[in-house]
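Line order of the protein sequences matches chains L and A.
Going by this note's numbering, 150 is the number at position 162 of the first sequence; the sequence numbering is gapless.
Going by this note's numbering, 101 is the number at position 110 of the second sequence; the sequence numbering is gapless.
Keep in mind the hints are simulated off the structure, nothing from the lab.
Among the hints, a few may not be true.
[Said to hold, decoys possible] Some chain L residues judged to face chain A by a derived CB distance under 10 Å, without partners named:
#, residue
1, 15
2, 17
3, 18
4, 22
5, 34
6, 42
7, 57
8, 80
9, 82
10, 83
11, 90
12, 94
13, 96
14, 99
15, 141
16, 155
For glycine and all other residues, C-beta sits at the position ideal for the given N, C-alpha and C.
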Amino acid sequence: MDLTRHYFDLLGLPVDYSVDREKLSVNYRQLQQQFHPDRFVSAADQERRFSLQMASRINEGNRVLRDPIERAKYLLELQGVEMGTDGETLRDPQFLLEQMELRENLEEIQQDIEGLERFVEQIEQQIRQQGERFSTQWQESPEQARTTVQQMQFFQRLIHQAELLLDELI
Amino acid sequence: MALLQISEPGQSAAPHQHHLAVGIDLGTTNSLVATLRSGEAETLVDATGESILPSVVRYRAVGEPPVVGKMAEDASVEDPLNTLSSIKRIIGKRVEELDEIAGQYPYTFAESDSSVPRIATIAGAVSPIEVSAEILSVLRQRAVETLGGELEGAVITVPAYFDDAQRQATKDAARLAGLKVLRLLNEPTAAAVAYGLDSQPEGIHAIYDFGGGTFDISILRLTKGVFEVLSTAGDAVLGGDDMDAGIARWMGEQMGVEALSAHSPALTRYLLSQARDAKERLTGRNETPLQLQFGELPEWSGDFTVAQMEQLIAPVADRTLRIVRRALRDAGVEKGEVSEVVLVGGSTRIPLVQRKVESLFERAPLQGIDPERVVAIGAAIQADILVGNKKEGGLLLLDVTPLSLGLEIMGGMSEVVIPRNTTIPVARAQEFTTFKDGQTAMSIHVLQGEREMVVDNRSLARFDLRGIPPMVAGAARIRVTFQVDADGLLSVSAREETSAVEAEIEVRPSYGLSDGEVEGMLKDSYRFAEADRDARRLREQQVEADRTLEALEAALEKDGATLLSSEERAAMEQLMDDLRAIAESGQAREIEKKIEYVNRESEFYAARRMDQSVQQAFSGQRIEDISK
Chain L
-11 MDLTRHYFDL LGLPVDYSVD REKLSVNYRQ LQQQFHPDRF VSAADQERRF
39 SLQMASRINE GNRVLRDPIE RAKYLLELQG VEMGTDGETL RDPQFLLEQM
89 ELRENLEEIQ QDIEGLERFV EQIEQQIRQQ GERFSTQWQE SPEQARTTVQ
139 QMQFFQRLIH QAELLLDELI
Chain A
-8 MALLQISEPG QSAAPHQHHL AVGIDLGTTN SLVATLRSGE AETLVDATGE
42 SILPSVVRYR AVGEPPVVGK MAEDASVEDP LNTLSSIKRI IGKRVEELDE
92 IAGQYPYTFA ESDSSVPRIA TIAGAVSPIE VSAEILSVLR QRAVETLGGE
142 LEGAVITVPA YFDDAQRQAT KDAARLAGLK VLRLLNEPTA AAVAYGLDSQ
192 PEGIHAIYDF GGGTFDISIL RLTKGVFEVL STAGDAVLGG DDMDAGIARW
242 MGEQMGVEAL SAHSPALTRY LLSQARDAKE RLTGRNETPL QLQFGELPEW
292 SGDFTVAQME QLIAPVADRT LRIVRRALRD AGVEKGEVSE VVLVGGSTRI
342 PLVQRKVESL FERAPLQGID PERVVAIGAA IQADILVGNK KEGGLLLLDV
392 TPLSLGLEIM GGMSEVVIPR NTTIPVARAQ EFTTFKDGQT AMSIHVLQGE
442 REMVVDNRSL ARFDLRGIPP MVAGAARIRV TFQVDADGLL SVSAREETSA
492 VEAEIEVRPS YGLSDGEVEG MLKDSYRFAE ADRDARRLRE QQVEADRTLE
542 ALEAALEKDG ATLLSSEERA AMEQLMDDLR AIAESGQARE IEKKIEYVNR
592 ESEFYAARRM DQSVQQAFSG QRIEDISK
């Protein structure tokens, strides 16, 4: 079972950090219309298995290409660059200091729904900016691009923490 | 053979035949069966013309079939221990998990080694799966008699928030009732289908489903015939029953009873019944007289006002709103972006509930279709599509898994492998390693839930991966793959990559109902007409052989000439001839092996077809690979 076509190719998009979300959605829906298990309910066992694998892969491709951090990681992966540990990022004192401040900030607002929602927006904005930097780096300087992604992941963790807190409050 | 019928979506074996299929709403309080006839969806009625079947089963004596429905419901006060209702609240749960709801119901749970709860009745100890099977059986019978033929399958609805164990248990109940499950469909999604929202302009819709026992909210986006669920949230133990319980407690207090559980089950049943009646009477009325009398207790009569009732039930309603807000957040949708709000389930008839929902969304909700029937109707529409009655395939539903799925890792922590609201089907893998030198086995504990600690999540299954070659700690690479199918059911497999040692498990819930137990129930059941298991196996293999042959034939006809060389084509023809011969005269096991052989030998052809199909999917838009 050949599932080696990479996600950009599978979803009909050029290999690039910037993604036409509308086109991604259209292509995604078209693919699922064809391959989804609902189309193979009465089919032979092996067809159903293939359909399941294919639909799962299409879903995964859609998820990865749609998410700025996953997409960045995937682009690096396609280039043979492993994400590895957070090494370089953990050695950047400026960045770590900023992260600590943000964490303290988060602790102060942990009971404040509106504060938390604003915090999430703020961090999402940071991630977007990091994304723009990534798009200029990934082809020419993959090592730097990797550091950028690691930083994006730190920010993502902050959002995750904030969302856990929001879950408790709402 | 392994060929996807990629350009003939929805078509099944006999394209010109109409296939009988139904949709079943297996509800906490009421159940219904519906089907599509002459293009119209209709619920099927019993001999008295009633389509609603109360989900109540009364056991009378050992060996006697139980009474199901209205007659059982009528006996619930006089025979509370043998008349089982709201079984949907218990299905899929382990004995240890029942404490919080058990107090509400007057059942006696039988002693048992297994963690499957069994309720003690006069006819013996019964599990929730068997009880649900009795209900499904009645509906199946009704459908077969009304439609005049065997059913090819049924779409059975489940609350969107049902976890893996509850879904699996529902599927087991259907099997026991002799039904082939085409799909387990989430109730809110079914409602969206019923409202024909697909015929409306594209938009984002919210389905608020408040039934007798469960609450679900789903946020869906509809675009050009594809329904995508953006998020789903809910509470599988929050429903009308809880409102009744609140009212019943108050009524008990009026009669001088502090704790209902300290009294007889019959009193609980009586008060719950009075509570529900009063609640229903107050829909459209401001007050209703109550006359409560039971046994030796002081009688109480007085007026019960809407205001009083609303005060008692408001906390339950408010909890649903909190869950709605969370679903909106998960979906990344503001309440103003919602085009339509659909109300589903009996509890949405209550004016207070309607007011609160309208106030939250700042728009009047859609209620055109009877909120009690809408789910069965949606299921019937989907069943019709899945069984192949629609030429163009029709609407496509992309649903999500409602609860995060994960594994136990060191320190009693739960690590998420598939987060909630991930579109299904989905497959994801995680790598782990050994923590001791020479470790040869690894315990895998599968969990469902959002919490960080294992103890706070739902344990789905445990299994061991054995035979890991002894290595230095941290050297082994154990890849655990989670696959969630379109029914929302999880399969887990684990493989040690360096040695290729494998283990696979279809997640059988920790509550422990194994394949063997279900088979056992099938054999013992008086409904199980076929004594000869071998005959059934043979037929199953013959059907599978037919499907395999049809798929290969259709494929060859379509692109055998373009994708295969003449030798390859001849090889396929030979495979088919061999399979045909064995299917006619062989034993089940022989046919099975032949099918496996044919599949393996034709897999290369399937891969080519698959690739071509992907290639053609957006004809002309594909970009050459930049990197491989």
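Ascending list of hint numbers which this structure does not respect = 7, 8, 9, 10, 11, 12, 13, 14, 15
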